[in-house]
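Peer 1: Each chain is listed here by its residues.
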Amino acid sequence: MSNIIEFKNVNKEFKLSLKEKGVWGAIKGLFKRKHKIIKALQDVSFNIEEGDIVGYIGPNGAGKSTTIKIMSGILNPTSGQCQVNGFTPWKERKKYVKNIGVVFGQRSQLWWDVPVRDSFELLKDIYKIPNEEFEETYKLLNNALKIDELLDRPLRQLSLGQKMKCELAGALLHRPKILFLDEPTIGLDAVTKLAVREFVKYINKVWKTTIILTTHDMNDIDALTNKVILIGKGQILYNGSFDYLKNKYGNEKTINVEFAKEYRKVQLQGYQVVSHEKNVAIFKNLPQTIFHTQEFLQQISKKYEIIDFSVNSLSVDEILAKLYKEYEL
Amino acid sequence: MKSYLGIFKMQFKSELQYRGKAISGVATQFFWGLLKIYLYLAFMSTATVTGFTISQMLSYIWLGQAFFAVSYINLPKNSAKEIVQGDVCYKFVKPLNLYNQWYFEYFGEKLASTILRCFPLIIIATIMPASIALQAPAGTIYFLLFFVSLIISLFLSVAISMLAVYLTLKTLMPKGALGIVNVVTGLLGGSYIPLPFMPQSVQNVLNYLPFRYISDLPFRIYSGSLDIKTSLIQIGLSLAWLLLLVLIGKLVMHSALKKTIVQGG
Chain A
1 MSNIIEFKNV NKEFKLSLKE KGVWGAIKGL FKRKHKIIKA LQDVSFNIEE
51 GDIVGYIGPN GAGKSTTIKI MSGILNPTSG QCQVNGFTPW KERKKYVKNI
101 GVVFGQRSQL WWDVPVRDSF ELLKDIYKIP NEEFEETYKL LNNALKIDEL
151 LDRPLRQLSL GQKMKCELAG ALLHRPKILF LDEPTIGLDA VTKLAVREFV
201 KYINKVWKTT IILTTHDMND IDALTNKVIL IGKGQILYNG SFDYLKNKYG
251 NEKTINVEFA KEYRKVQLQG YQVVSHEKNV AIFKNLPQTI FHTQEFLQQI
301 SKKYEIIDFS VNSLSVDEIL AKLYKEYEL
Chain B
1 MKSYLGIFKM QFKSELQYRG KAISGVATQF FWGLLKIYLY LAFMSTATVT
51 GFTISQMLSY IWLGQAFFAV SYINLPKNSA KEIVQGDVCY KFVKPLNLYN
101 QWYFEYFGEK LASTILRCFP LIIIATIMPA SIALQAPAGT IYFLLFFVSL
151 IISLFLSVAI SMLAVYLTLK TLMPKGALGI VNVVTGLLGG SYIPLPFMPQ
201 SVQNVLNYLP FRYISDLPFR IYSGSLDIKT SLIQIGLSLA WLLLLVLIGK
251 LVMHSALKKT IVQGG
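Keeping their order, the protein sequence lines are chains A and B. Residues in the first sequence are numbered from 1 upward in steps of one, following the working numbering. Residues in the second sequence are numbered from 1 upward in steps of one, following the working numbering.
Derived by calculation from the structure, the hints in this document are not laboratory data. Fair warning: there could be bad hints in the mix.
[What the hints assert, rightly or not] Below are the EDC-like pairs computed for lysine to aspartate or glutamate, each with C-alpha atoms no more than 20 Å apart in a straight line:
{"id": "1", "chain 1": "B", "residue 1": "91", "chain 2": "A", "residue 2": "113"}
{"id": "2", "chain 1": "B", "residue 1": "2", "chain 2": "A", "residue 2": "121"}
{"id": "3", "chain 1": "B", "residue 1": "91", "chain 2": "A", "residue 2": "132"}
{"id": "4", "chain 1": "B", "residue 1": "94", "chain 2": "A", "residue 2": "222"}
{"id": "5", "chain 1": "B", "residue 1": "13", "chain 2": "A", "residue 2": "113"}
{"id": "6", "chain 1": "A", "residue 1": "98", "chain 2": "B", "residue 2": "87"}
{"id": "7", "chain 1": "B", "residue 1": "9", "chain 2": "A", "residue 2": "92"}
{"id": "8", "chain 1": "A", "residue 1": "205", "chain 2": "A", "residue 2": "252"}
{"id": "9", "chain 1": "B", "residue 1": "13", "chain 2": "A", "residue 2": "121"}
{"id": "10", "chain 1": "B", "residue 1": "258", "chain 2": "A", "residue 2": "135"}
{"id": "11", "chain 1": "B", "residue 1": "94", "chain 2": "A", "residue 2": "121"}
{"id": "12", "chain 1": "B", "residue 1": "9", "chain 2": "A", "residue 2": "149"}
{"id": "13", "chain 1": "B", "residue 1": "9", "chain 2": "A", "residue 2": "152"}
{"id": "14", "chain 1": "B", "residue 1": "2", "chain 2": "A", "residue 2": "133"}
{"id": "15", "chain 1": "B", "residue 1": "259", "chain 2": "A", "residue 2": "183"}
{"id": "16", "chain 1": "B", "residue 1": "21", "chain 2": "A", "residue 2": "183"}
{"id": "17", "chain 1": "A", "residue 1": "98", "chain 2": "A", "residue 2": "152"}
{"id": "18", "chain 1": "B", "residue 1": "13", "chain 2": "A", "residue 2": "92"}
{"id": "19", "chain 1": "B", "residue 1": "91", "chain 2": "A", "residue 2": "92"}
{"id": "20", "chain 1": "A", "residue 1": "193", "chain 2": "A", "residue 2": "152"}
{"id": "21", "chain 1": "A", "residue 1": "124", "chain 2": "A", "residue 2": "152"}
{"id": "22", "chain 1": "B", "residue 1": "94", "chain 2": "A", "residue 2": "92"}
{"id": "23", "chain 1": "B", "residue 1": "81", "chain 2": "A", "residue 2": "133"}
{"id": "24", "chain 1": "B", "residue 1": "258", "chain 2": "A", "residue 2": "125"}
{"id": "25", "chain 1": "B", "residue 1": "91", "chain 2": "A", "residue 2": "222"}
{"id": "26", "chain 1": "B", "residue 1": "91", "chain 2": "A", "residue 2": "133"}
{"id": "27", "chain 1": "B", "residue 1": "250", "chain 2": "A", "residue 2": "183"}
{"id": "28", "chain 1": "B", "residue 1": "94", "chain 2": "A", "residue 2": "125"}
{"id": "29", "chain 1": "A", "residue 1": "94", "chain 2": "B", "residue 2": "87"}
{"id": "30", "chain 1": "A", "residue 1": "163", "chain 2": "B", "residue 2": "227"}
{"id": "31", "chain 1": "A", "residue 1": "265", "chain 2": "A", "residue 2": "305"}
[Stated by the list, open to error] Derived DEER-like restraints, expressed as beta-carbon distance ranges:
{"id": "32", "chain 1": "B", "residue 1": "255", "chain 2": "A", "residue 2": "219", "range": "28 to 34 Å"}
{"id": "33", "chain 1": "A", "residue 1": "151", "chain 2": "B", "residue 2": "126", "range": "40 to 46 Å"}
{"id": "34", "chain 1": "B", "residue 1": "248", "chain 2": "A", "residue 2": "95", "range": "23 to 29 Å"}
{"id": "35", "chain 1": "B", "residue 1": "171", "chain 2": "A", "residue 2": "286", "range": "54 to 60 Å"}
We put the CB at the ideal spot given by N, CA and C, even for glycine.
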């Protein structure tokens with residue numbers, strides 16, 4: 001597979017004018033302003049292969065949206081090179097954007113006051129989609145998203161979930177080669193989230209669309225892809241498989257054990273007691289211990305009589321929180 | 001071109017839905033019209049204004065009120081939110097020219113709000129008592145020229161609004177940007193005080209600025225206060241201003257958009 005997106009040493013700086021506190025500060029600001037340079041992206045390089053789904057993750061303010069905006073031709077970087085689908089996005093914007101679709105989870109591209117159908121018709125004109133192709137694409141999108149009954153209603157009357165379905169369809173009517181999703185599941189309920197994930201997977205499968213997605217919901221990543229790029233404070237911190245991250249940071253387990261009777265003190269080698277009350281104790285493996293069920297059971301049953309036990313892994317979100325902490329984000 | 005016409009139609013349709021807004025607009029324009037007419041009637045009964053009769057004044061005021069939507073410079077309805085909160089992103093990711101997207105969008109909005117407001121007001125103004133009613137045009141040819149000039153006004157007005165969009169992009173303060181543009185166009189264009197009431201030396205300057213073409217010129221042509229030759233020359237000038245302002249607008253907006261910082265994450 002060839003690279004469809006190449007980022008090389010991309011930097012983006014913003015100039016912010018600093019506002020001083022209070023009325024006097026505001027008056028001073030009228031005459032003299034101090035500026036501060038914010039480095040939103042520092043030396044960012046990565047490649048994305050055609051047909052991949054890539055999760056672009058990082059805490060708020062890390063530079064995710066800035067990267068997406070550079071990739072989609074909205075912003076131009078301060079320095080560095082970027083090739084997407086053979087174009088430099090901000091230089092040949094009009095030609096380039098024909099082949100991309102963008103959904104910003106918190107914004108809307110469809111027209112607010114008119115039925116969704118009219119918006120789709122206009123998008124059809126804007127992207128010069130032939131009738132037949134349009135019908136075919138719409139049928140496919142409708143099969144996956146079930147939006148037929150929403151089409152005659154103005155956008156403003158739709159719920160957030162219904163709106164997101166229409167936005168997704170709208171961004172894909174022209175069958176873009178690359179789809180950028182900036183927090184597509186933000187604010188959606190569980191059922192709609194699942195539907196959106198299924199849909200993204202489906203599109204990637206049938207059209208081989210390259211999909212770049214930013215999200216704060218790690219279940220999105222878990223469900224969609226194993227390839228992630230982690231960004232923090234404007235720098236790429238990790239680029240690789242999500243499973244590796246999970247294994248590295250997710251080996252911490254908590255084990256709840258119920259004993260047959262109340263022991264005064266419970267102790268196991270390689271484990272730490274988190275809490276102990278009556279006949280229930282909660283253990284945690286020490287960082288150097290890799291949890292192994294059989295070994296754990298043998299060790300514990302030698303000393304104590306046990307009735308029940310359960311093992312809990314860290315949730316993906318907790319893993320990420322740990323990761324951010326380690327990188328001091 | 002088809003996509004720009006589509007954008008125009010979309011905004012036209014959207015704006016037609018706001019009938020309540022139009023009705024209240026018509027009422028406001030009607031009462032302001034009455035007020036202005038009585039004010040100027042009182043003024044003109046003691047002073048003579050060269051080349052501007054009472055019946056010409058009546059047409060001037062009523063048409064000004066009926067086509068207030070043409071001469072009043074506003075921002076496209078969504079643009080303030082788009083720019084300040086960052087929804088403008090979606091304009092960038094369409095394979096279309098940015099200036100044109102805004103221009104056609106606003107043209108649709110402006111045309112719809114003009115159509116909704118002008119007909120009721122013209123009807124009301126015509127059936128007013130004869131002494132204060134809207135007068136008939138000076139002649140068929142004057143009426144045709146008025147119509148042509150009005151259409152150009154519409155385009156010109158949108159082009160001036162685009163400069164307000166540019167100022168908003170620069171300052172991120174829609175109200176401030178609009179304030180500047182409104183005071184300039186209203187004062188220099190004759191919306192506040194009819195230009196014939198201004199001193200001749202001031203008129204000589206204002207006649208060559210673009211602002212009068214969106215409020216003063218069509219109404220003067222209608223009432224015959226300009227002869228046909230002058231009208232034609234002025235229409236030519238207004239076309240020239242239209243081209244120039246669109247060109248300037250495109251240039252400054254593209255330079256501003258290159259430096260855009262999208263607001264709101």
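Peer 1: Which of the numbered hints are not met once you compare them with the structure shown?
Peer 2: Numbers 3, 4, 7, 8, 10, 12, 15, 16, 17, 18, 20, 23, 24, 25, 26, 27, 30 and 32, in rising order.
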